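Visitor: This is what each chain is made of:
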Amino acid sequence: MAGLAASFGSGAMTNSIQEMEQCQVALVIGSNTTENHPVIGTVLRRAVQRGGAKIIVADPRRIGLVEDAALWVRQRPGTDLALINAMIHVILKEGLQDQAFIDERTENFEALKESVRKYASAKAEKITGIPAADIEAAARLYATAERAAIFYAMGITQHVTGTDNVKALANLAMVCGHLGKPGSGVNPLRGQNNVQGACDMGGLPGDLPGYQKVANKEVLKRFKEQWNAKKLPSAPGLTLMEIMDAAHKGSIKGLFILGENPMVSDPDTGHVEKALERLDFLVVADIFLTETAALADVVLPGACWAEKEGTFTNTERRVQRVRKAVEAPGQARADWELLNDLGQRLGLDWNYKEPKKIFKEIAEVTPAYAGISHERLDSLGSLQWPCPDKKHPGTPILHTKAFTRGKGLFHVLEHQEPVERADARYPFTLTTGRNLYHYHTRTMTGRSVGLNDLAPTCKVEINPADAARLGVNNGELVQVSSRRGKIVASACVIDRVAPGVVFLPFHYADAAANMLTIGALDPVAKIPEFKVCAVQLKKVA
Amino acid sequence: MGMPTLTIDGKLVEFTPGQTILEVAKANGINIPTLCHLKDTTPTGACRICLVEVKGARTLVASCAMPAGNGMEVKTDTETVHVSRRLNVELLLASGNHNCLTCEKNGSCKLQSLAYAYGITDIRFKGQTQQYPAETENPLIIRDFSRCILCGRCVQACNEIQVNRAIGYGYRGAKSKIVTTGDRPYQDSDCVFCGQCVEVCPVGALTEKKAVGLGRPWETAKVRTTCPYCGVGCQMDLHVKDGKVVKVTAADGQSNKERLCVKGRFGYDFIDSPERLTTPLIKGEDGRFQEASWDEALTLVAKKFKAIKKEHGADALAGLTSARATNEENYLFQKLFRAGVGTNNVDHCARL
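Here the protein sequences come in this chain order: A and B. Quick note: the first sequence uses my numbering, first residue 138, plus one each step. Quick note: the second sequence uses my numbering, first residue 192, plus one each step.
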């Protein structure tokens, strides 16, 4: 999100889901859409089937969408930036850019132009492993379409160059003027139901609700008044990975984890476990006794989504209602209720009686949500932010006339190799992700009949050539180890991965892929490099 | 040039070129019953229920498939139309096992509604005996071919709504069957268990296995909500009976347009898992959890937080909020840490 915010001034999906049925070209990079966002996958497939759209897939794996693609390029994991720069190089060399858009709506173009000279397609072929002709074809296809959209997910961001990768995609879209109109844009697909909302609400160390900066004195003054707070901290706090490191070093003593399971979801599980154990006090609120909750000093039983009222904000900035259908079991309570009670015990004058009232306060302090209320959502179904007043219909497409920051900013970006590369001792490149039947750390899907039956165990995808060399047959157990840990998984011998590359889903705590992954972080967004590390494989005798 | 017009049941109406007769009728408040018609897919005209009279046409025409034409004269409510529709319903009823007693679709079955509307009390035709056994092997979807009327809605849903391309028509004539590639069971096919076929099946041929016997449509209340899994934000209805979610179906949300995936549709029974946490827990000296009251647990949390803050400062505390929780909860969480604890050490797993 940091990348898009730097380029455009807003870090959210620029366009909307259903309009994508009308796009002519979709560049899908680092998103296994049909498994991780299946309903968006159907929209893209319908765009091909009904509208004759052409999809370009850029992915190290032969993902499901490759079947529907006009062109599939298989980059070596961790080389997305070189691919994107090379595409821009082709576009500029062949004069396919939208010069009017560049002149009127952007800045720093000359610097970009100069910087991509180094990325001739022949050179990019050496870095990415993609034939130069395919890079050129992808560039031409994307640039010459009238309506072309980019979709990306964690395959782009979970790298040490994650923020730069996103900025590179923003560069590409701006060069071609594919922004601010239907069926176009730069569209990050968010992986969790309310990750957009958690960001919008200020669940970030430097941002109050609505991305208003804690470091901005005026913002802080206003929040002090609105919250009736004596003082508010002005120094940006620590990010998740920094919090874990600080806990490890002992400078963070107490931690409250609300409904997350870093013991399975975070990189380098061994490091996380030590960090959590070194805390003086850990409190976890969750619906199950997760691997993380088991380490807590106090565990608070939460209500699940079907047991409470509220709202989620989806990947296209659409705010929608969550409604209570059943009672929570036993003494379990909704998080907002327990937070209210804890707030009172910490000396706050809180008395929140219902989510509707909390939302009213959100709308008062968050300009993009100002026109949204439970009542409007109940009558309209949904509203997309920004929605600045009570009459506003919401905003399906961002940056239609100007960018949120005024002019779109081109960034000069350089390819950088992943932190850990395959070598003689760890000769395989491991990349991680999700599968269709499970979600994150499987606390919910692992307890749902059917889903677990359809994907009960962790499978490591290995290319047939590698499997033959290792003497591993489909279904046999393989030990996968990295410099940080080892796990055992059954082999899925399949050409979905290239030779030298293996894939693991991170869902399974009993074969946790994140025992292996590396804690190396993107320097800006602090996102871990889940998508690339070096491993060795050994058949389990 | 003005919009083209046609006459429907004596009323002169405008239409947009490309609209079918069925769509024009619907836009003008005229109800034509359908079985096989599925919105946003190519019409198949398979079931012959939506027949109407068009002046000058040799036979009755399927209104779902026939494009409206300028100057057309359409009649939807004539003796001929009703006799034909009734006959087609009777033939469908004779085509298989349409005993409603224990059918899961009883009360929401389109064939049952048509039989009711046409007052069909007995079946004049002797049908064939069903030749395909029901498929019950997979954990999520029951395929009861004896109830299938071959309307093809599931095929359209699979190929054009979800574009999973897992099923189509197989065999010929009286042996026709909806099949996967190679007529394999769902779990050994390209099926990804999105369940869209179940969603659109107008009869009891495709049903949710986990919902069998848990409630009739009129016994359940539907609660509209947002899916708790990925970031697409699909709208769904939770079907609730006696305080339990017994089934999930898709709703017409702006982002999902009546679609769900396997997780949204079938990933709900964790709600009633016996492993749910039902009481606050405090870890004792021995490292074991003891059950506690809310007051004990929250008082302890507040006490510890205050003590850490006093000894090490507010920045020795941190909170990870949740991309799973609601906006309201995330808002309160960060407000609690900023205004209550006094630190900006608040983050969540957006980066994971």
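Bear in mind the hints are in silico, worked out from the structure with no lab data behind them. Some hints could be false.
[Said to hold, decoys possible] Within a straight-line C-alpha distance of at most 27 Å, the following computed DSS-like cross-link-like pairs (lysine-lysine) qualify:
hint, chain 1, residue 1, chain 2, residue 2
1, A, Lys230, A, Lys350
2, A, Lys367, A, Lys461
3, A, Lys461, B, Lys400
4, B, Lys474, A, Lys367
5, A, Lys494, B, Lys413
6, B, Lys400, A, Lys493
[As the list claims (entries may be wrong)] Pulled from the structure, derived: some chain B residues nowhere near chain A, Cβ distances all over 10 Å:
hint, residue
7, Glu214
8, Ile311
9, Ile314
10, Glu326
11, Gly359
12, Gly373
13, Gly404
14, Thr417
15, Gly434
16, Val453
17, Gly458
18, Leu491
In this text the structure is predicted, and so the values were computed from the model without any measurement. Idealized CB from N, CA, C, for every residue including glycine.
Visitor: Next, verify each hint and record whether it holds.
Guide: Hints, verified against the model:
Distance check on the hinted pair: A/Lys230 and A/Lys350 sit about 40 Å apart at the alpha-carbon level, beyond 27 Å; violated. Annotation: proposed proximity of A/Lys367 to A/Lys461 is violated, straight-line Cα distance about 35 Å (limit 27 Å). A distance of roughly 24 Å separates the Cα atoms of A/Lys461 and B/Lys400; the hinted pair therefore holds under the 27 Å criterion. Taking the CA atoms of B/Lys474 and A/Lys367, the gap is near 34 Å; set against the 27 Å cutoff, the hint is violated.
A hinted pair counts as satisfied when its Cα atoms are at most 27 Å apart, and A/Lys494 with B/Lys413 qualifies at roughly 25 Å. Distance check on the hinted pair: B/Lys400 and A/Lys493 sit about 36 Å apart at the alpha-carbon level, beyond 27 Å; violated. Residue placement check: B/Glu214 keeps its beta carbon more than 10 Å from all beta carbons of chain A (closest about 17 Å). Taking the minimum C-beta to C-beta distance to chain A, about 37 Å, the non-interface status of B/Ile311 holds against the 10 Å cut.
Annotated as non-interface, B/Ile314 keeps its C-beta farther than 10 Å from every C-beta of chain A; the closest such distance is 36 Å. Every CB of chain A is more than 10 Å from the CB of B/Glu326 (nearest about 15 Å), matching its label as outside the interface. With a minimum CB-CB distance of about 15 Å to chain A, B/Gly359 clears the 10 Å threshold, and the non-interface call stands. In this structure B/Gly373 is separated from chain A by more than 10 Å, as the shortest Cβ-Cβ distance comes to about 18 Å.
Even its closest Cβ contact with chain A, about 14 Å, leaves B/Gly404 beyond 10 Å, as expected for a residue assigned away from the interface. For B/Thr417, the non-interface assignment is contradicted: its Cβ lies about 5 Å from the closest Cβ of chain A, within the 10 Å cut-off. Not every CB of chain A is more than 10 Å from the CB of B/Gly434 (nearest about 5 Å), against its label as outside the interface. At roughly 6 Å from the closest C-beta of chain A, the C-beta of B/Val453 falls inside 10 Å, breaking its exclusion from the interface.
Against the 10 Å criterion, B/Gly458 falls within the reach of chain A, whose nearest CB is about 4 Å from its own CB. At roughly 6 Å from the closest C-beta of chain A, the C-beta of B/Leu491 falls inside 10 Å, breaking its exclusion from the interface.
Checked against the numbered hints given earlier, the structure breaks hints 1, 2, 4, 6, 14, 15, 16, 17, 18 and satisfies all the rest.
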